[in-house]
Amino acid sequence: MNRRRFLHLSALGVAAGAVSLGSGPARLTPHELLDLLGPETVRGLGRRYREMAPAADLLSAAPGRGGISHRVRDDFARGRTVVVEGWVLSVTEARQCALFSLLPA
Amino acid sequence: MHIDARTLPDGSLLEGDVCIVGAGAAGISLALEWAASSRTVLLLEGGGFQYEPAMQELYRGAIVGLPYYPLQAARLHQFGGTTGHWAGFCSTLDPIDFEKREWVSHSGWPLPRRELDPFYARAQSLLELGPDEYAAADWQRRDPTMVPLPVDPRVMWTKMWQFSPPTRFGTRYRNAIVDARNIHLYTHANVCELEANEAVRAIDGLRIRTLDGKELRARARVYVLACCSIQNARLLLASNRRAAGGLGNAHDNVGRFFMEHIEMPCAHLALARSHARYMKMYALELGTTKARGEMAVSAAVQRERRILNGTVSLEPGGLDETAKSTFEWGTPAMLDSLRAWGERGNPGPPPATSPGSTPAPLSFHLLTRLEQAPNPASRVMLGTERDALGMPRAMLDWRLTDLERRSFRVIYEVVGRELGRIGAGRVQVLDWVRGEGAWPGNLSGGWHHMGTTRMHVSPREGVVDPHCRVHDLANLYVAGASVYPTAGAANPTLTLVAMVLRLSDHLKSTLS
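Protein sequences appear in the order of chains A and B. Okay, so the first sequence: first residue is 5 according to our numbering, each after it adds one. Okay, so the second sequence: first residue is 3 according to our numbering, each after it adds one.
Keep in mind the hints are simulated off the structure, nothing from the lab. Since the structure is predicted, the reported quantities are computational estimates derived from the model, not experimental observations. The beta-carbon is built from N, C-alpha and C at its ideal position, and this holds for glycine as well. Treat the hints loosely; a few may be bogus.
One side of the interface only, derived from the structure: several residues of chain A facing chain B at Cβ under 8 angstroms [what the hints assert, rightly or not]: (1) Ala60; (2) Leu63; (3) Phe80; (4) Val92.
Turn these sequences into a full structure, and let the hints guide you.
Here is the structure:
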């Protein structure tokens with residue numbers, strides 16, 4: 005998904021699959037990674053991940069019932085990880101990074 | 003009793019019951035076990051009590067395999083041996099290190115780990131360590147602020163290290179050795195040849211040379227080589243008067259299976275603030291810290307993923323900088339300053355032994371000490387050049403395999419996932435760990451030389467038997483890390499001393 009499509013979907017409310025969970029776009033941001041690495045690095049990771057996995061379903065990074073932290077932990081426990089710029093990330097948070105990189109800086 | 007061999011008349015004969023070649027951690031530990039006994043112990047040391055460049059020069063050798071550290075700087079050729087500049091890291095080998103692992107060729111010791119337990123306990127005091135406790139829970143009980151990371155024990159665990167002051171055997175035990183009436187310490191007595199009997203079934207004597215041109219001879223009932231992995235192999239190979247390939251080498255095993263611990267910076271850790279409280283367990287301040295933990299991959303994961311044993315230590319350091327490997331920061335000049343610090347009695351903090359990066363409590367460099375797979379192609383041979391005593395110099399052909407490379411990759415995959423799972427932070431793995439092919443330019447060992455006279459029940463697969471006796475030679479034994487069949491992930495000194503104490507008990511029963 006490119007930036008144009010993400011913003012378009014957001015405007016149409018399609019991205020509200022996540023937003024409707026009562027969150028808004030903020031819920032799509034990788035807070036834990038932002039705390040650890042800062043926005044510039046996270047944005048770079050997101051750009052790189054979009055290059056690595058252009059067909060990835062980024063909106064699947066939206067939080068489910070257990071919350072995003074639970075999904076990230078579950079990814080790590082099940083080995084659903086991806087290495088981006090050397091960082092061992094959960095697939096969910098890699099997609100969050102990708103979404104974050106589409107947001108205005 | 004101490005005698006400088008240079009003061010003896012040329013052609014002198016030294017006689018005793020037990021003759022130990024080399025006065026480093028192994029030789030001194032062994033000799034001390036016999037102090038005040040009824041046996042006469044000859045302790046032959048090539049160097050003197052002080053550092054002498056001419057002695058170090060005897061250790062110079064050629065490097066023909068992977069790049070390696072200058073051999074003459076990696077070991078100290080003087081009374082006390084390399085404890086003159088060691089850093090004091092001590093830990094036990096793990097039970098899995100003694101097992102036959104079908105994914106690690108030539109693995110397995112002919113004894114289980116539990117057989118060493120009582121000797122590990124005895125070795126603690128020689129190395130001036132704390133209690134014989136190597137479980138993280140033991141140290142947490144002593145200091146409740148030392149809390150191990152809450153990792154899944156089926157995946158990872160916290161392996162404990164204790165730190166020797168570090169004990170400088172050359173100063174700490176000099177008086178005990180010199181004052182023991184039954185221990186005859188000869189310094190500047192370089193053994194150049196083991197003389198076998200005609201049938202090549204036993205050693206008749208040793209040929210000794212001094213740098214000023216004297217030649218002496220030593221004779222004993224039992225001989226023990228304790229002059230480090232490279233020199234033990236060199237001496238056996240060079241003793242080729244009656245056996246063309248050298249002594250103990252009927253099956254071409256002497257010098258083979260040279261092992262190191264591969265010590266490399268491998269990753270960064272961005273630590274979650276919530277987990278900063280665990281870091282005290284893993285912190286190290288040389289000269290002050292008594293014990294600390296390193297992360298390690300469980301035996302179950304080693305079996306499942308078919309990898310070697312390895313540990314991960316944490317060193318404060320920025321995410322934008324890369325730590326240096328052991329060989330990079332430990333230049334010969336650095337080791338020299340450590341030796342000088344030791345000669346002054348280890349006063350105050352040691353000379354900087356790490357790159358000295360500014361502590362950044364939420365970012366760490368992850369460094370790994372990985373076991374090297376036993377590899378017959380990784381070996382010590384004799385070179386064509388001879389030293390000042392006429393002995394062929396050592397030639398080191400250090401070689402690694404794909405298994406080491408893959409083990410690094412898997413360890414960091416496991417560590418990255420597990421630290422992510424517990425929310426401790428995120429791990430950034432360095433390019434070289436993720437890559438394949440050639441080793442990086444900063445490839446480094448830990449100056450831990452092991453395996454050139456490996457132990458095996460069969461003379462076809464090992465140089466010494468389970469009692470450290472050279473196969474087919476009735477009275478020749480080997481002490482030190484050269485007998486290790488595998489290296490584990492722990493620094494070798496504690497195990498080396500434990501093995502020496504075990505050998506000493508065996509010799510006492512044999513001689514009685």
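Status of the hint placing Val92 (chain A) at chain B (closest C-beta pair under 8 angstroms): 3 angstroms, holds
Would the hint on Leu63 (chain A) stand, with a C-beta cut-off of 8 angstroms toward chain B? 22 angstroms, violated
Tell me if Ala60 (chain A) is really an interface residue toward chain B, meaning its C-beta lies closer than 8 angstroms to one of theirs. 19 angstroms, violated
Evaluation of the interface hint that places Phe80 (chain A) against chain B, nearest CB under 8 angstroms: Because about 4 angstroms separates Phe80 (chain A) from the closest Cβ in chain B, which is inside the 8 angstroms limit, the hint holds.
In this structure, the earlier hints numbered 1, 2 are contradicted, and the remaining ones agree with it.
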